[in-house]
Structure formats: structure tokens, C-alpha cells
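Protein chains in written order, with this note's numbering: chain D, 73 to 238; chain S, 26 to 807.
Computed from the model, here is a short list of chain S residues facing chain D with C-beta under 7 Å:
id, residue
1, Ile-44
2, Thr-45
3, Asn-224
4, Met-226
5, Gly-700
6, Ala-739
Honestly, the hints are just simulated from the structure, not real lab data.
This one's a predicted model, so the numbers in the text were calculated from it and none came from an experiment.
Note that the Cβ used here is the ideal one computed from N, Cα and C, for glycine as well.
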Amino acid sequence: MSDVSLTVNGKRVSGSAEDRTLLVHFLREHLGLTGTHVGCDTSQCGACVVHVDGRAVKSCTMLAVQASGSTIVTIEGLADGAELHPVQAAFKEHHGLQCGFCTPGMIMTATDMIARHPEGLDEATVRAELEGNICRCTGYHNIVKAILAASETMAKGAKGKAKQAA
Amino acid sequence: MGIEGVGARVARKEDKRFITGGGRYVDDMVVPGMKHAVFVRSPHAHAQIKKIDVQKAQGMPGVVGVLTGKELKADGIGNLICGWMIHSKDGTPMKMGAWSPLAVDKVRYVGDAVVIVVADTKGQARDAAEAVEITYKELKAVVEATKALEKGAPQVHAEAENNLIFDWELGDGKATDAAIKSAAHVTRMKIVNNRLVPNAMEPRAALGHYDKAEDHYTCWTTSQNPHVARLVMSAFYNVAPENKLRVIAPDVGGGFGSKIYIYPEEIVCLWASKKTGVPVKWVADRTESFLADAHGRDHVSTVEMAFDKDNRITALKVDTIANLGAYMSLFSSCVPTYLYATLLSGQYNIPAIHANVRTVYTNTAPVDAYRGAGRPEATYVLERMMETAARELGVSPAELRRRNFITSFPHQTPVIMAYDAGDYNASLDAAMKAADYAGFTKRKMDAAKQGKLRGIGMSCYIEACGLAPSSAVGSLGAGVGLWESAEVRVNAVGTIEVLTGSHSHGQGHETTFAQLVTQRFGVPIDSVSIVHGDTDKVQMGMGTYGSRSGAVGMSAIVKALDKVEAKAKKIAAHLLEADEGDIVIENGEVKVAGTDKSLPWFQVALASYTAHNLPAGMEPGLKETAFYDPSNFTFPAGCYICEVEIDPETGLTEIIQFVAADDFGNIINPMIVEGQVHGGIAQGVGQALLEGAHYDPSGQLLTASYMDYTMPRAGDLPSFKVSTSNTPCPGNPLGVKGCGEAGAIGSPPAVINAITDALGVVDIPMPASPATVWATIRATKH
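Excised from the complex, chain S in its bound form (with noise of 0.2 Å):
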């Protein structure tokens, strides 16, 4: 490894522009003659939409434009989709309602965009909204799940009959109902998974722009995936064929999910520029965020765990309830499902598992992933289910774990994932030995001499990342494929840009991917540029989410640079006048081995640009693409070990330490690594502890601030103890896993099993906020 090179930690090229102020952000961005939208927002959880008057919003100063969904559809603008077939166990396809952009008959949520204002100021917009006349009719709303699909219960949509979008399930039933009944054991549960609202720091925004003269639109919007974006917006939503419209995602500040769906603000700014004729840029306010981001989790279910006479499981059935919200988004049908069951088996020989989950429509901001997506709901039925059964059991967590962990590799379970390498008995050493696990009694029993409890609770995750093959994720229903995509340009002076279709959103590729570059060919990191995020650049790519840049986007780049190198070397041969197998490429120079025949690097590049003396029959050049298809997904699993001590006089919870061992395969920069976990470890601290989206049973959001939902904050959290073990990943050619997310799925169950352990009671429900705390340390008592 060099000071550049793979595994180095090298601090981040891109950190210049964000710790200087000159970060590129969409609401940084000003295009001449731009204006400024606000989108009138439906108050009622639900409601007919019987009259809109805009005549005197209109006439209000500054005014450019005051448009309604009934145009938006006039001039043909298609209703959003959801990209994932789903199929319910009797075969139906998933009863998809419409989701128009605008409005038009009905309002589904508070926060369902009904018309935009453009205005010269955001301040003149936002006056002209308050002028625009709805006139509504009330209807009874649903928010939550289990009642949406009672009897009787407010129809959301009239394409989905009591609110079921799908009722569908996966693995083996009967094989599963058999060995529940024949059990030595069975540990019984309901599972409760809170729903959050991802915030991503900087707000989602969109800025449009129709060039009239060229009939081209470009949309610079906060994106995860611009190219999905185009497409998508393209093929789906008739704004403007591909090849007329570039979208921009520049500086995107934090995602997390959220900024991965293609919501109905950017396609509107883009309807309304070509329809105003200005620039529109829409940026959200954080109550706009609350109300309109995609939301995450929001499942309940009742689960059952069977073991043997010897404590092995022999069965799981899962029953599991997903609240999708108004509509469904982008992907938001594969979150409950190959998201989710397909990781149930966690790390454990389960001989069956049976998974059911049923999927409902509720007056509520439509819900999709959020880092982890699927994996964090899983993790946490499986680790508290483990934690409880250890209980009722009267054997220790650990211990209970290890008599079941998968050891032999590759490992088929009986929900689709078939495991390719891992040793998760290395992590759960790892853990509890930074966690001095042993000297844990003594700890309570000292806390307990202060008035406090202590308790301690341990996860062990599974996650699967990548995706996944695409015909593997066409087959179950993706309407995409999951491959990424590479351009290696090598410059006539030598120094190199990466095209890449993965996009960075604070996860450092501008660094990482260049890291690789360096290592290939030791030319400085500083001579080698990362380029994202714009589809007039990089030709086409899947983006940033499920934790696949390393293991996808990585790759591609690799394939591409295998290319580069190869004919760099045929060039260097022909001018060196060597065998091409004799050329090797380090240090910025490629030489003939065991010679002192040498060239720098960039007069190879130069050579193949000036073309004078290239190999009879060779292209100029020195330019590669690569698409890279994974083979499989890729498996990061770990243990995290979390110690807390309780107040009962405040309920307050204090996180004493938190242990995080993961196994990520190969790294590339480890301190990018340890930072996406301390992130991740906060998100799942916050779910466990802080943060819940509740809506009022009107449909109200009663959690739509930062006054009103509780972020993590600095003092809320300790340093964390993290550290990694490695069974490179088989599947990729960099041997990498992927990181992005293990620190949210692992850690909600490690923190729960915590709280319950000090507090000696079954479950808590999630946030377990210092009022929950109390409140059940109350309710135990008596």
C-alpha cells in the first residue's frame, strides 16, 4: 500500500470546497432570470379537492405564474410510478393508486403538493400561496397500518380494496407451521418497527430550466441518482425525452434514501419553466421535509421463533404489516419485501422461515427506503427475538447466538440470499472483547450502589448490499437493472478523470475511487479527478444506495482500468520495443521488467494521442468503458455491543459505550469506512432512543420540526469503539462489501436489548424516550 493507495487513510480531495464555502448545493445555484417557487400543500390529511381559485393569487406583486394539476395533466405529464412489481401470493399484481405530480380530485396526505406558485421572490411566492383559494371537502382519515385494513376503514385509494396493496409472501409455510408445533420452545413476539423521517441536512431542492431556443430542459435537483432521475422522468412522466433533458445532481447534502425517488417538485419546476418560461427553483423548508420526504420503517409484526431440545432454531414465521403511506414510491415496494424477508435468516442456520407481509395504503407521507431499507426491520425482529428467546431460554445472548451461527461457506438459506463468505464468531469476539463483556456484572453491580441500572444488549446484523445480478432483480420484479457503469479517460499529459455513474452525497468517492487509480498506476491522487452526477458527463449509471458504490460502482471502475492498463501496455511495448507481458506500471513510470527501460507514465498517454507511433491496426487513445454487472450480492455482517445506564428517578438513558465490529471484506480508505459506521451507529441510536414520526389520528403531523422530532445530537451520543475483520467478498474484484449502511441496521436491536436488559422487562417500544423509559419502569413496578 502506498500513502495514496489502496487502504491508505487518506484525508479527503473533496473537503477543500465544504470546509471553505465553496460547496455547490442546487439552492446555490442561480441561473439568469430565475424565480422562485412555493407548492401550496394540502392541509387535510384527506379530502375531495371540490374548487380551486387562483385568480387572486394571480394579480398578487411578483407573480409569474400560479399552475394547477388539471393543466399539469392537460399538457400530458404522466403520474409518478413505483419501479418494483410486486405480485400478492394469489398471483394479483400490487394495486398501485395514481400519484399525480399536482393534485387534481383528491388529497391524500398533509403535504400532497396541489399547485405551484413562481413569483420573483421566495417571499412573493409564499405570500401568493397564502392567496390561492381550495376549497375542500373532509373525508375521515387512516394513519395507521393495522387499522387501515379493518372493516370499514377510509378507502385511500379506490384501486386497493381495504387499503392491501399486496399480500405476498416467501418461503416454505407448512415446513415452517411443522416445526413451530413440534418445538421444544417457542418464543412468541410482537415486533414493532418506528417510523422515521430520514432528514438529510440539506433540504430537498430543485431548480428547472426549458431552454426555448434549443427545446432542451435542464434540472439541477438534490438526487442520489440523476440518470434514474432522467430516465425515469423521461420515459414515465413525459417531461421531456432523454436526449432533451440533463440532469444535474451537484453537491447533494446527505441522502440517506430520501434524495434516491424522483418526487413530483422536480417534475413540476421543469412543466412550470417551460409553461412560465423562467428558471424555477423550488427549494423545501424543513416542515416541507418532514411533511414530504419519503418516510422509512413503519412495520409491525408478530413473530415466532422455534428452537429445539439443544436451543438450534428450527423455525421463523414472520407476519408482518408495512405502512406504505398515500402512494406509493419509487421503490418503495421492495423495502418490505426482497429487502426484508430475504435477510430474516440473519446469521443463523434456520432450517425454515416463513415470511407474510401484507402492505397498506394510509393517509400518510408515502414510505420508501432509508438507510438500510428493509435489512434494519429485519435485523431488529431477528436480534430482539434472539435477546428474547436467550431469556426464556436461561442461556447467555452470546452463547445462544454462537450454537446457531452459519460457519461453512457458501451457505443457501431458505429465503432466496445464498451467503459467499463471513465468520461471524470472529465479530462477536471482536465485540465483546472491546466491550470487556466479562467485566460487565461488575459494572452493574456498581452502578446499581449509585441508584442506576445498567444493562447490555448485543446485535449481530446481516446485510446484503450491491444490489444484486439484474436478470437476478428482473426476475423478481425490478423495473432496472443494478449494474454500474465507468469511464477511465487518461489525458494527453497523463493525469486521469473517472467517469462514474455512482454518486457521492458525503460518501467520499471523489477520494476512494481515486485511491484506485493511484494504486493502478502510482500516478498522484491529486493528478486524478472523480466525475458524478451529471448526465451530459457520464453516459449512464444506477446511482448511490443499498451501500453498492464500493462493491458496483468500484468495480466498473476496475474493469475499465484493467482496459487502460492493457493498452497502455501494448503502447509501452511498442515503443519500448519489448514483449507486452514483459511491461509492468508503477510509480507514475511503466517500464520493462528486469530492464532499465522506462517511460513516464503521461508519454504513454501522450503517445497515444499524438498517434505517430501507435501498434499496426490500434485506435488512438487512451479512453475505456466498462459496465459492471455483480455476480451476486455482497454480504457485511458484525457484531455491536451496547452498554447503557438507566436513571429511574428521570428515565433518562445514557449509552456508556458502543462497540461496533464489523466485516467489510478489503478496505480502501479505512477512515472513510469508521466514519460511514459512527453515522450509521447514530441514525440507529437515534431510532432507538430519539426519533418517531407520529401523526395525529386526523392525519396531522405532529413530529414536522426540529422542535418536535428529536435528532441526535452531539451530546446525546459517546465516542464509538469501532473496528473491522475481514472475509474479503468473493463475488467482486476488489473483494470489498459495502458499509454505508451496516451501522443502522445493527445497531436499534444492540440498544433495545440494552434498555430491556437494565429494566429486566420484555420490550420497550421504540424511541425509547425518557418518558417511555419512565413510564415503563413505573408500569413494572406496580
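Just chain D, same shape as in the assembly (with noise of 0.2 Å):
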């Protein structure tokens, strides 16, 4: 057994696990939060993406103890409180999810994704991006259409900002 000391959402959590106990098992067993879910056991899915310590991560692919320390983000702490996040926002709006369960996982690989492309996105490289998460329902079509959309009104929000800061 093992402590582990995480923030997890913006609140300080700690427990003991298993040794072999991966983060997502801990996230889910340990402190409920059940909205990351495990979809293949061999990292190819992306079902379980959250962010640690500001980078999407496979939740599956890294030991509890491992992540002692860091600080996590998981789909439950994305919106700021009753107010979506753009990219949960945009997936209402375009239709990108059916039965749900692909959907926190690619919520916060398309976060991660629109971060790392302040410059802008376009389809293909929102395609290419998406190479680790796999969704059964929807095609795609309307998750790429949801994350160009939410990385558009992300663009204006932070333009907005700095001609405010400005």
C-alpha cells in the first residue's frame, strides 16, 4: 500500500492504494469521481484522458503513486461551476456525443489540444490530433465540428481578455 497526496479539481485529496492501483481506479474507486471512464485497458481508447499538471495524460497509462503530487483536472472539474466550459459547450451544440461515454475523455484531450494550438485549428489537424481517442457513435464529424467551433470562441474569449487587460 500506498499514500497518495493529489489536488484533484482544485481540492487537496490524499489516500492509500494498492500499489498497482492506476490513477484512473483511484479517481474512480477511490475519490467517485466516475466521469473518467476506462473503455479498452491498453491505453488505445482515451476514455480516461485528464489533465495532470496542465497535460492531457491517459489515466490508465500511470500508476496512482506515480501521480503523488500532482495536480489533476478531470472532466468534473471543467466547467466553472454552473457555467460549461467552451469545449463542453460546443459538444452540446454540435451534437458531439451520443452515448457519452467516449466524451469526457475527448472533452479534455480537445481542451489540451486547443491549448496546445493557440495559432488556430483546422480539420486535419484536429483529426490527426484525435489519433488516441476513439469514439463508436458519432463518425467523428460532429466532435471535429465541436472542437474547431470551441477553439474559435476560445480565440475571441482570449482576445477579448487581452484588449480588456489592454
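Relying on the hints, combine the two individually framed chains into one complex.
Following this line, the structure appears as C-alpha cells:
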């Protein structure tokens, strides 16, 4: 057994887990954050993507003890209170989800993708960058549309903020 | 149409929980005292079980139970069943071998469940499962259906000689043979439809909870049809009587057919909960899903299509061998028969059709319905034949199809179906226009200059969904009816709950169904809730599959709404002292037409519950129930066009464009319908280019993870060009058809027709992976 201390969605949490416990299981079973899903066990599907210290990580590729000391954001911590994150809002507006199972991982991946491309995104880049996330329902059509739309919204938002600051 | 009514692109009500991490799937459920189960599965495709030693496993840390098939049988738990009886052409019933939820004497495929281990944690259960010692005597295995029929092949079940389950036929064999004999031209092909694994992203799961004090069971399960699960578990598997068994299918992460069936795991978890005295949860890992979810397709067909001198089809003859795997899954027998051969007329006038279907046991996972279920196989046969025939006859594929289209309705085919409405030229025209079909020759020449091979292919599909009148399917062997139920409950404050027997696992029912209510009463969509997936809440239902939730599920809601509306009008007429016929309900108000007299909707609802002033003799309350039994199948149809570009150096196929022109009749929410088409196309393109379940000759599944089985990813697909035309279905009150499976049905032949066009070959096996395309190019050159 090992002690695990994390900051998850802004809250300090600690617990003790078997050494073999994966981060995804720690989040789901110890912290009750069941929005992060397990879809494949081989780090192929991306349903378990969370942000670890600001980067998208498949939480099934990491032991909980390895993550100790990190700052984690899961799908439950993405919205600002009642206000949806622009990526969440875009997935809803553009019907970027059907059964919802891959959705948390898709949204966390997309958020990271948009942050890494402040210059903006095009369809080919979005499709290439979604390599690590599998969706069986949507054919990706509306997921791609939602990510492109969110990217634009967020760029406008960032410009707006920059203007305000100036 | 209002902004939230019928025809509007209403954003989904259910999305909020899914995009914020608030979805509730079976694996998210926690019950006090809950323990975790792991199944010990057969590592052999075919073997006798000589001995099972669980002693060591029982002593492992955290273990609360290690249970075998012998104990299960001793407690009277029944074998799994196939619920659709098919008779061979000689009149004998299908030969169904026994399928015990835990294997007792023999295992028949890799993944066959043998022992359940229950422990405090999943890790402990896994450790203990490793310690279960099973002694097997290996037997020779057979994995290919054609080989299973050969003399001397390993015998999977004693009940089915030569592994033949049934040898069935449909249509007029004599007329078909005569037409082929006198034909001006006959096209002949052997057509293989590859085996697929459905791969819903949420793995299957079950949580069984036996409450000793109440002598009552609860089962949370990843099901597309919880009521059917309860019925079957109760009536056939002796788990518990229906009144002692509650089945809940909460949020379910995709189904595509694979979650229709009642599998061994949910039965065993319920039984094990009683046996161990603790709630038992099992969640499949992905490899378990590959091994033990029902697979799809796996047909081998020999086909002849005859034409007269004017290129009109005179006959179609199909001889199909269908692999059903090691056991007959719940609806496995109807897929290669009544969901397949009945669609072999496609969109065409074909005077004579004969289909012969042999179904076969092999040492592979059971095969059952997967998105489209029989209809993709039929469409693949027909549309590959049409393409090949057009090339042989030297006519354009579009013209050959047009020449043979059915243009007047109703149309009775020679294979049972009576098509009610359609306009096949309209969808073909729309698809050709959207694809700029006329400009293809130039695009092909331009690509050739770059050293690339371009091809274009089309597919004109028809499907039958809904499914059909219960009496009709009953006469064809179905063990269940195919109606749907609905209950509309208007609360005293005017909000409305709709209880439906349909189940939503991605289809957006919570929105689409609510739009019907909003349209009817003018109440805001947020005041309407759709309740589904729980046998304690919804009286009875048949569930969601076969693209039936629109045509059948919504029709039941319409019937219940009719009754509620009629009663509400009676109450309003009484309160407003007006004639019942003058009452109209719109925008949340109940009015007397042509006057300023009106009541808010909620006041009518409230009046029905206070019951202080109701018409004489009227019962209080405003709640109505309806069962709807369809009068016919409904027949969505359309045309898909795929354009590909192949790099001859690598064999890589890029889809340049994919066009879908569908006729789904009237549409309630176009956004959701388009989403269904997108997803279906992705699965169809996956079948054609990427996906295939492969067993080695010893019966080991070589494609049992996402590292081996190629799922379509975003980079494999383009954005799709979709459109719809509309010939309303005359058979149901909404005029709707079905849209859930069309994409998966129509797209594989369009892709393969495009690839064979690009390569100048007659055929290429699915999946046409880069390696297969590359090898085909090399083979053609020599």
C-alpha cells in the first residue's frame, strides 16, 4: 500500500492505495469521480483522459502513486461552477456526443489540444490529434465540428480578454 | 414547427450529465457491501473439462466465493436460449445445443465462462482467478463455417450433426433456376461478409444484488432491453420470478446490437449474489469484450444474378453459409434468415428470388445482430452484384440501377416484404449531384497525374425496420412480440413524464421523445421528462434495436398522447362550459376556439387531480397508457456514394468524399438523425477498410484488443455529406421510418465498389486494408 496525495479539481485529497492501483481507478473508486471512464485497458481508447499538471494524460497509463503530488483536473472539474467550459458547450451545441461514454476523454483531449494550438486549428489537425481517442457513435463528424467551433470561441474570448487588459 | 417541437434541431436534454462527468453507467454504481467478480474463461477453443479445483483460490486474500457450473446447475439455473425458432426446409426444427451460463463438461470457444470468482476487490478476484486450476482435454477446433460443414470436421454440439443448425430457404427455387437458364446474361460471384466485433465503448457490465430480507433481486446491466432481460431471465433461466426481479439499464455506453442479448454474466452475478450473500459486480475488460460479446456478420455467399437482353434483372439466386459461433445467441437465428433473405430484392424489381441459408456451429464467439443485422449482408450481396453486373454489361452503374428500380408502391417482393413507400430515383439523383458524379472522370485523370488511383462507387440500399406486426413475426418463429408501450403521466402541476419501453443508449430519446410532447401541448421541453430503462418504473417494453424506437416506440407515445389530449379536452370543455369539439391546446393553453376563453395547461392538469369538478362519471387523474403494434415493417432507403484515392505504393486508401442521401420519412430532430447516419457510416467504412475479427486455425482470437482490431479513428474518415428526402411512411401515425442502422447497411458496398473501380479488379476482400490493397495491386500487375 502507498500513500497518494493529489490536488484534484482544486481540492487537496489523500488516500492510500495498492501499489498497482492505476490513477484512473484511484479517481473512480477512491474519490468517486466516475466521469473518467475505462474503455480498453490498453491505453488505446482515451476514455480515461484527464489533465495532470496541465497536460492531457491517459489515466490508465499511470499509477496513482506516480501521480502523487500532481495537480489533476477531471471532467468534473472543467466547468466554472454552473457555467460550462467552451468545449463542453460546443459538444452540446454541435451534437458531439451520443452515448456519452467516450465524451469525458474527448473533451479533456480537446481542451488540451486547443491550448496547445493558440494559432488555431484546422480539420486535418483535429483529426490527426484525435488519434488517441476512439468514439464508436458519432463517426467523429460532429466531434471535429465541436472542437473547431470551441477553438474559435476560445480564441475570440482570449482576444477579448487581451483587449480588456490593454 | 416550434423551436422545440417536431422538426426542430433541439440540442439534447441528456447532454449535460454526459459532458460534466455526471453520466451513471453500471460500472459507476456502488451498493453497500458490494464485491467484485472475475470470470475464469476457457483458454481453449474446444476442450473437455476434466477437473476444476477451486480450493487454492478459495483461500486467497479477500475471496468470498469461487463458484462453478455444477453448483449453478444444482440450483436449477437454466441454459441460455435462442428466442426465434427456424425450421429447415425439410421441416425439422433448428438444432440447438445446450449453452450453460458456466460451462460444465465442455468448453466450445476461447472465452467460454467456466468459473466465477468473487472477492473484496477486482485485483483480488483477478489474483484468485489465476489460482483456479482447471484440467482440460483439448479437442480439435473448427473456426470457419465452410470447414465446419465438411465431413469429419470437429463436432461442436452433439445435437447438430456436421455442425449444421438449419438448412433453410426462401423464395421460388424452380422459377429462379428457370430464369437463370434462359437469361441473356448471368453475373456470378462469391461474396464474403467479414466477421466484426461491435465494440460499444462501454464494456458490458452487470451488478447483481440479492436482498435476503425481501427475497428480491436487482440487476443493473448494460442492456438495450431491460424488460426482455427480465422476462428471459425469469421465464427461461429460473433466476427469479418476474415480480422478484428488477432489471435496471441506466446510462448505457452504446449497444449496436451487442447489448440486446442476455449473456451468462448477468445471470451468474445474480445467482452468485444469493450464493455469497453480497452484491456482485462484474465489468468486462476490453479483451473480454472481444472474446465474449456476440460478434456480427460472417457470411459466405455464392450468388447468381440473371438479366434479360434489356438489362432487366430476371432472377437472383443466393446460397449463404452463416457462422453462428459456438452457441445460438438470443436472436442469432433470425439474422441470416428473416432479416437477411427478405431484403434481397433491394430497391429492384426482381421477379424471381431464391435464397438458401445454412447456419453452422464453430468454435468461435456466438454471432448475433450487429448494427443492421442481416440487412448489411443482403445489401452487400446485392450492391456488389449490381456493380459487377454493370461492369460486365458495359453500362453505367447508375443506369443499371435506375432501369431496375421499383417505382410504384405498394410493391410486393417475392421474398415476403411489401414495400409501402419510396422514391429511389430521388435519392440516387441527390447523391449523384452532391458527389459531383459528372466531374469524377476529370478528378480521376488529375489524380492519375499524381500517380494516384481514384475510384467511385455507389450503393442503393433498402432496409426494413421497426420491426413488424407481432402476429407476423410470431408466425415466422419469433418468441416475442415486437410492439412497444408508453405511458404519459401529466402531473398535477402540468409537468409531464413519459415512460417508454424503448431504451436510449446514445440515440437521444430524452430529447426526441420530449419534442413530441412539446409539439402536442405547447409546454416547454424542460417540463417534459423521459423515463426508461427500469422494470420497476416502466410497465413493459421490448427495447431498442432494429431502428424501432422511432417508428414503434414513438408511435406508442403518440397513442398515449392522443388519449391524454382527449381527456384533457373533456375536462377543459366541462370547466369552460364549451363544446368538447371546440377545445384546442396550443402554447401551453387550453382554449375555446374563436373565443377569448382559455385555461393554462397546468390548471386542467390540476383539476384532474383535485377532482372537485370533473365531468360526471370521469375518473380523476391525467395519465394514459398505450401499446402500439406496427402494421408493417417500415422501409428506409437511400443512395450512398464513396470516392476513394489509393496510393499504389503503400496500398493506403483515402476516402475523398462520402455522400449519403437517405429517405427516412418525416424527421423529428434532424440533428440527431444526421448523427445516427454519421455513426453508421463510420461503422460501415470500418467494416470495408479496417475491421475484421480473425481467429487462427486453433480458435485463438488474434484480434482481441484495440492494438490488433482496427477501430475507425478520426483520421481514417472524412466529414460526411448527408442529406435526406422524404416519402412519409404510411404505416405509422408520425410517418417516420428508421435511421439508426442505414449508415452501416449502405456504406460497405459503396466503399468496396469504389476501391474495385480504382484498382480495376472484380473483387477485394473486406477489410481492404493497405496490405490487402497493396497485395491486390501486385497480383493484378503480374
